[in-house]
Every structure is written in C-alpha cells, then in structure tokens.
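As you go down the protein sequences, you meet chains A and B in turn.
With the first letter of the first sequence counted as 1, position 111 gets the number 111 in the working numbering; the numbers rise by one all the way through.
With the first letter of the second sequence counted as 1, position 175 gets the number 543 in the working numbering; the numbers rise by one all the way through.
Just so you know, these hints were derived from the structure itself, not from any lab.
It should be emphasised that the depicted structure is a prediction, and the values quoted were computed from it without experimental measurement.
Note that CB positions come from ideal geometry on N, CA and C, so glycine has one too.
Incorrect hints may appear among the rest.
[Said to hold, decoys possible] A few chain B positions that, by computed beta-carbon distances, are all more than 12 Å from chain A: (1) Ala385; (2) Ala468; (3) Val484; (4) Arg488; (5) Gly666; (6) Gly678; (7) Glu733.
[Claimed, not checked] With the C-beta cut set under 8 Å, the calculated list includes, among others, these residues of chain B facing chain A: (8) Glu399; (9) Pro447; (10) Leu449; (11) Asn450; (12) Phe453; (13) Ile596; (14) Leu619; (15) Phe623; (16) Pro652.
Number of protein chains: 2
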Amino acid sequence: MSFIEATYRLRCTAPEAEPLAVAIAWEQTVELPAAVVPEPVARAVVGRVVSVKADPTSSAHFLAVIEYAEGLASGALSPLLNLIFGNVSLFGNARLVDLALPIALQRSLGGPTLGVRGLRRQTGVSGRPLLATAIKPRGADIQTLSELARGFAAGGGDLIKDDQNLTDPSFEAFASRIGTLAAAVADGNEQGGGNCLYWPHVTGPDIERKLDMVQARGLTGVLMAPMIVGPEVTSRAVRDRGLGLMAHPALAGSFTQAQDHGIDHGVLLGKLFRLLGSDISVFPNAGGRFSFSVDECGSIARALRAPMEGVAPAWPAPAGGMTYDSLPSLIQDYGPDTVLLVGGALQAHGERMIDSTREFRARIEQEV
Amino acid sequence: MSFIEATYRLRCTAPEAEPLAVAIAWEQTVELPAAVVPEPVARAVVGRVVSVKADPTSSAHFLAVIEYAEGLASGALSPLLNLIFGNVSLFGNARLVDLALPIALQRSLGGPTLGVRGLRRQTGVSGRPLLATAIKPRGADIQTLSELARGFAAGGGDLIKDDQNLTDPSFEAFASRIGTLAAAVADGNEQGGGNCLYWPHVTGPDIERKLDMVQARGLTGVLMAPMIVGPEVTSRAVRDRGLGLMAHPALAGSFTQAQDHGIDHGVLLGKLFRLLGSDISVFPNAGGRFSFSVDECGSIARALRAPMEGVAPAWPAPAGGMTYDSLPSLIQDYGPDTVLLVGGALQAHGERMIDSTREFRARIEQEV
Numbered sequence: 001m002s003f004i005e006a007t008y009r010l011r012c013t014a015p016e017a018e019p020l021a022v023a024i025a026w027e028q029t030v031e032l033p034a035a036v037v038p039e040p041v042a043r044a045v046v047g048r049v050v051s052v053k054a055d056p057t058s059s060a061h062f063l064a065v066i067e068y069a070e071g072l073a074s075g076a077l078s079p080l081l082n083l084i085f086g087n088v089s090l091f092g093n094a095r096l097v098d099l100a101l102p103i104a105l106q107r108s109l110g111g112p113t114l115g116v117r118g119l120r121r122q123t124g125v126s127g128r129p130l131l132a133t134a135i136k137p138r139g140a141d142i143q144t145l146s147e148l149a150r151g152f153a154a155g156g157g158d159l160i161k162d163d164q165n166l167t168d169p170s171f172e173a174f175a176s177r178i179g180t181l182a183a184a185v186a187d188g189n190e191q192g193g194g195n196c197l198y199w200p201h202v203t204g205p206d207i208e209r210k211l212d213m214v215q216a217r218g219l220t221g222v223l224m225a226p227m228i229v230g231p232e233v234t235s236r237a238v239r240d241r242g243l244g245l246m247a248h249p250a251l252a253g254s255f256t257q258a259q260d261h262g263i264d265h266g267v268l269l270g271k272l273f274r275l276l277g278s279d280i281s282v283f284p285n286a287g288g289r290f291s292f293s294v295d296e297c298g299s300i301a302r303a304l305r306a307p308m309e310g311v312a313p314a315w316p317a318p319a320g321g322m323t324y325d326s327l328p329s330l331i332q333d334y335g336p337d338t339v340l341l342v343g344g345a346l347q348a349h350g351e352r353m354i355d356s357t358r359e360f361r362a363r364i365e366q367e368v
Numbered sequence: 369m370s371f372i373e374a375t376y377r378l379r380c381t382a383p384e385a386e387p388l389a390v391a392i393a394w395e396q397t398v399e400l401p402a403a404v405v406p407e408p409v410a411r412a413v414v415g416r417v418v419s420v421k422a423d424p425t426s427s428a429h430f431l432a433v434i435e436y437a438e439g440l441a442s443g444a445l446s447p448l449l450n451l452i453f454g455n456v457s458l459f460g461n462a463r464l465v466d467l468a469l470p471i472a473l474q475r476s477l478g479g480p481t482l483g484v485r486g487l488r489r490q491t492g493v494s495g496r497p498l499l500a501t502a503i504k505p506r507g508a509d510i511q512t513l514s515e516l517a518r519g520f521a522a523g524g525g526d527l528i529k530d531d532q533n534l535t536d537p538s539f540e541a542f543a544s545r546i547g548t549l550a551a552a553v554a555d556g557n558e559q560g561g562g563n564c565l566y567w568p569h570v571t572g573p574d575i576e577r578k579l580d581m582v583q584a585r586g587l588t589g590v591l592m593a594p595m596i597v598g599p600e601v602t603s604r605a606v607r608d609r610g611l612g613l614m615a616h617p618a619l620a621g622s623f624t625q626a627q628d629h630g631i632d633h634g635v636l637l638g639k640l641f642r643l644l645g646s647d648i649s650v651f652p653n654a655g656g657r658f659s660f661s662v663d664e665c666g667s668i669a670r671a672l673r674a675p676m677e678g679v680a681p682a683w684p685a686p687a688g689g690m691t692y693d694s695l696p697s698l699i700q701d702y703g704p705d706t707v708l709l710v711g712g713a714l715q716a717h718g719e720r721m722i723d724s725t726r727e728f729r730a731r732i733e734q735e736v
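The whole structure should be built from the sequences, with the hints applied where relevant.
Below you can see the structure in the form of structure tokens.
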C-alpha cells in the first residue's frame, strides 16, 4: 500500500506534541473517539504518526509526520485537500509544511498541461524569462485596455493576462471584451513580429461557457484563482481542455500568512498549485508591496520546479511591485524559467506601452 | 449607486492605519499606483475609505470601513470574494470583520433554498432543535454504516449526513453507497414512524453527476464543504436544483483562526455561508475538541439568523465533541432553531444506535 505523507508544524509544548499528532491522525480520517472505532477499521483508515520531533528552528514548535492510506484521497484533489488539512484547519495550532504523494496519485492529479517546455514552445522563447503583464485597471474603457495590450505585444511582451479583478456584468460582455483584446494582441503581434499570448480571466458564473468562448477565440490559456473558484474546478477547467493556466493567489494568503497554522507557501502556491495544473503560479515577490519573504518565495519556486514523477515543472511568476531596476536581481534570483509579471511599473515607465515593453524586454535579454 | 461595505481590522500603528486603509481600497480595485490611474477611473472604481478608527478593544488595532461600488462584484460570489478579500489576504495584517451588501446583491446571491422554515417543513419538527448525526467512520463496511443510519432514523433522529471525509473510489461506488444508506434511512423511518432526512456528501470529481443521483434517489439535500469545493460551485450546485445544503467548515479554519488576518468567524461561516445557500452551517462548538470561543460561535449563529432582506435565515449546527450532558446548555445557548450535530457521543452513548438516539431525542424534548 502507498501512503500520502503530510508533515505538520505544531505549536505546542513538548508533552503536548505526540498527543496532538495522534489527534490529527484520528481527526483527519475517522473523526471519532478510539473507543467506538473497530480495531480493523482503525488499522486500515486512521493515519499513522511516523515521527514527532522538535523543530530545529524553534523551541515552541514540533514537526509531526503522518502517513495516510492513499485510497482516502479517492484519487482526486478535493478529497485530498480535506484529508491533509480539512478539519485540522480549525485547530489553529497545526501548519501543513510538507507533503509527499504516491506516484500514482501525482499522475492522476496530472499537473500542468504545458509546463515549462510547452509554454516555451507556444511563445517561441528560449533561454530567458518571459515578460508578462496584466490588463488593467478595471474601469478603463476597452479602447484604452486594447491599446495597452496591442502596445505590449508589439513591443515584444510574451504573455498578457487579465487582472483577476477584471470581471464582466454578463457572459456577452465577457465574450465581447476578450474578443476585442484578443484582436488587439493579434494586431500587436503582427506589428512587432512577436508571438504574445493573451490569457483571459475566467471566474464564476458560467465558467464552462466562458472556457468554450476562450477556445473559440483561439486562445491557449486562462488566468484563474484556484482558492476563489475552487482548486478542483480550476484543475478540471484547464486539464479537460488542454488549456494553459496562470494561477492567481487571491484568497490564498489566508493559508500562507498564518504563522502557526494554515499551509506553507511552497506547499500551497508551489506543490498543490502545480499538481492542480498551474503552468504558472503568481505570487507576491519579496520586497514588493506584500509581506512574503525571500525564503518563502524561494520555497514556492523550488516546489514548482523540483523533479516530480509524472508531473511537468511549472513557472514561478513573482509579481506585485516589480520595477525596471529590479529586473537584474529578479533574473539572478529566479533564473531563466521564470515569468516576470510586471503591471504598474510598465505603465508608469514611459508614455507609450510599446516603448516601455521594448525597454523591459531589452533589459531582460541583456541580463541572461 | 449602491455600495458593498467591508470593515477590516488592521494590525498597525496609528500613523500606519489610514495609509493601510487607502492601500487596501486601491489594491482591491485597480491594483495600480495612483499615478497611472486616470482620475475618472479612480473615482468610479477605487474603493472609498469611509472611516478609520481605533479599535476600542485593542490598542494595536484599527477598524477601517471601505465602500466598493456594487458593480465590481458582477452580481456573483467569486468576484465578490475577490473584491472583499482576494489580494488583501496576502497582506497578513488585515482581517475582514464585517460586511454589508446592497439588497439587490443579496437577492442575486440568494441564500438558503430551505432555510429555517423549509427544513422544519421537510422534517415535520416544530419548536425544538433538530438532532443530526454523521455517517462514520469511513472504512466501516456498508452494513455497519446502514445499521447506524437505520437505528438513528428509527430512534427519532431528524437528519443524517455523510461525514465530509466519506468519499468513494468511483461514481458507481457513490451511487451504490448512497442508495443503500437511503434505503436504510427509509426503513428506519418506517420502523419508528419518523421523517429523518439523509443528505450525502458531494465533492469532486463528478459533482453534477452525483447531484443528479442524489435527486434520482429522492434525497432533498447534500453536505458540501464550500472552501474545498469552491463557494460559488457549492452555491450553484444547490440553488440551481433547489437542494438543501449543510455546509461543512473543512479548510475554513485557515481563514477564521488567523488572529490578525483572514475572515471573521461570523462573516465567513455565518454571513457568507448563508448567502451562498447554506441551510445549515456546521462549526466546532466552544468547549469541544476545537479552538472556537463562545463569542466566535455566537457571532456565527447571529449572522445565520439576523434579518437580511431577500435571504432566509439559516440554522447553526454546533458540532465537534457534543455530549449527552452538554445538550441542556447547548439548547439554552443556541435556542430552538439549531441543528445539534452529534457524532461520536451518540455512538459511544450505548450499545444500540436506536436507543442512544431515543435518549438524546428525549433529552432535547425535555429541555425546550
């Protein structure tokens, strides 16, 4: 039998650590007192506490490794999430800090449809980070947004996504807007000789209809926020259709930013987002306007790229306050297989989007 | 124009409070520096900071009220969640503690399909709390689980739900299992002359097919975990079909248990769960094996029941370590419009489920 191995960081005293680990193993599987669980059921279903050790980095924390029988996840993402962190989330003193899955489960979850290679093929870019931007701000008229998109494509940008707050009052408005923007990007590509992609934001309601429209427009991917729409819904949306996915971390901070509970940055925005099918995982880079540290960002990037049997590597996309001057250090920190997602800084850099994009693109090429 | 009014509790110093509130108002709407947002767009789209005040309960916290234009939510739950807490979740020092919506948006989200009245009609119970239990443990054979279900129905229980960790290896296994359990509950009802409901757990994959099967079996509701499956997916699943929903808080603790960020208990498990269509919202009661306080539980119950134009009131379901002896205080604390969800204590109370259920039911009737 194969096992799902989850590591929890517990905030507790030394005598509390082992009982807390055991409580998690029971809570996540049978949710019953031992007295009423028949012994064969307990043996087959209750999680096994493999080890409980002091956390070498903190005297107030312990690391507990628990093995769950693979079958408890029913081969799917929602049961897996419930198994590894469903009720434990309510404890408030246990954080999921590592996760190892059986290869069969990894394969069945599947991961990115494009991955690093597929997206390089689609964009035609090799050996350097991709330059991406967001269509914003919401509220600007469609001509203004189209001009930004056209300029970015013409200037040599690689990928344009809708901002995750760009939603439309109706399906028809969505269809019309993405049609206009797709045409603007195509114009820009023709003008600049490039191959820039446009990935619209898809959210509820009418997700399936919107995905049909994305494909009808000949677009190859979407931006979605898995923690808002639902991780498994997001996964099925892209994997069933072979669409690329740029995953947005909206709402995910509630998991990562809790010191003593929640889910570790690398596990959620790295490993789990990759497993659900993210070709690109967006996260706020250290030093920007959010609170992620250099280590936390590094753990996300590593989890997206680490060898994982049956699952393609994915792209980290540090974002949130990138500037022209931060490009060299970003490229040095993250390496070539990175999507550099630049929003405001590109719009603020110069008068015309096409010129700003050219300069950012040149700076990237100069650094690799 | 109508506004969505969100109140955030900020952990910061006095001079930081106002700038942080302004930063949230911009982050959640345009995500751009003010310099590149045209003035008319800023006026129409950027959130308006209504007030920033010291939190009377803590010198380290401030309360900021921000108004967002109603149209930014596009009348739907996913855009609304992104608007009120998407990127702010990544800040780590802002907690959503209150939320007021325009009536039109409340009506369009819709809320419970059954509510307090509808579920009283379905169960035929008036004037007292409902007695509910969970089918568990996973791993027990179907005969054992069927006997528990039959005994609970025959003994006068009102509602049986699958445990949220009860998932099946295939759609066929799901269909077969819920068929067997539905038949067992029907048998128990015939035996005891009762009207106990059975609501299966529905999760990914194959949600629509599973819902079809639930309805084909003549069942009137489901258990779902909105934060695992996705809040809007859960909402559509039940509201489009007129199904009842018992909402499970799995994963939701990552939001509620963060002291200085996340989303308040009453806002998430009360107001938002109710708006998405929960007839019953399950949460861990104070004093059980989880860490919710009496105040936090009270805030959930109040949010589920408070008058809300166009939205029916819903049932709180305190759970997680209920016992026979805690019934009187539970009933006193929560009142008659409450679902008392008893799992392990019922199985541990006596040899036979039918007798344990009778005793719990009698105790409830005695207390009201």
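Right, here's what the structure says about each hint:
1. Under the 12 Å C-beta cut-off, the non-interface status given to B:Ala385 relative to chain A holds; the minimum distance is some 17 Å.
2. The claim that B:Ala468 is not at the interface with chain A holds, since no C-beta of that chain comes within 12 Å of its own (minimum 20 Å).
3. In this structure B:Val484 is separated from chain A by more than 12 Å, as the shortest Cβ-Cβ distance comes to about 25 Å.
4. The claim that B:Arg488 is not at the interface with chain A holds, since no C-beta of that chain comes within 12 Å of its own (minimum 28 Å).
5. Every Cβ of chain A is farther than 12 Å from the Cβ of B:Gly666; the closest lies at roughly 17 Å, confirming the non-interface assignment.
6. Residue-level check passed: B:Gly678 sits 18 Å from the nearest beta carbon of chain A, beyond 12 Å.
7. Chain A leaves B:Glu733 outside its interface by the beta-carbon criterion, the shortest separation being 25 Å against a cut-off of 12 Å.
8. Evaluation of the B:Glu399 hint against chain A yields a held restraint, the C-beta minimum of about 6 Å falling below 8 Å.
9. With its C-beta approaching chain A no nearer than about 4 Å, B:Pro447 sits inside the 8 Å limit, and its interface hint holds.
10. Hint status for B:Leu449: holds, given a least beta-carbon distance of 5 Å to chain A, under 8 Å.
11. Interface hint at B:Asn450: satisfied, since its Cβ lies 5 Å from the closest Cβ of chain A, which is below the 8 Å cut-off.
12. Hint on B:Phe453 holds. Least Cβ distance to chain A is approximately 6 Å, under the 8 Å limit.
13. A least Cβ separation of about 5 Å between B:Ile596 and chain A falls short of the 8 Å threshold, and the interface hint therefore holds.
14. Using the Cβ-Cβ criterion of 8 Å, the hint placing B:Leu619 at the interface with chain A is satisfied: the shortest such distance is roughly 5 Å.
15. Nearest Cβ of chain A to the Cβ of B:Phe623: about 5 Å, under the 8 Å cut. The hint holds.
16. Taking 8 Å as the C-beta contact cut-off toward chain A, the hint placing B:Pro652 at the interface holds, the least distance being around 5 Å.
The structure agrees with every numbered hint stated previously.
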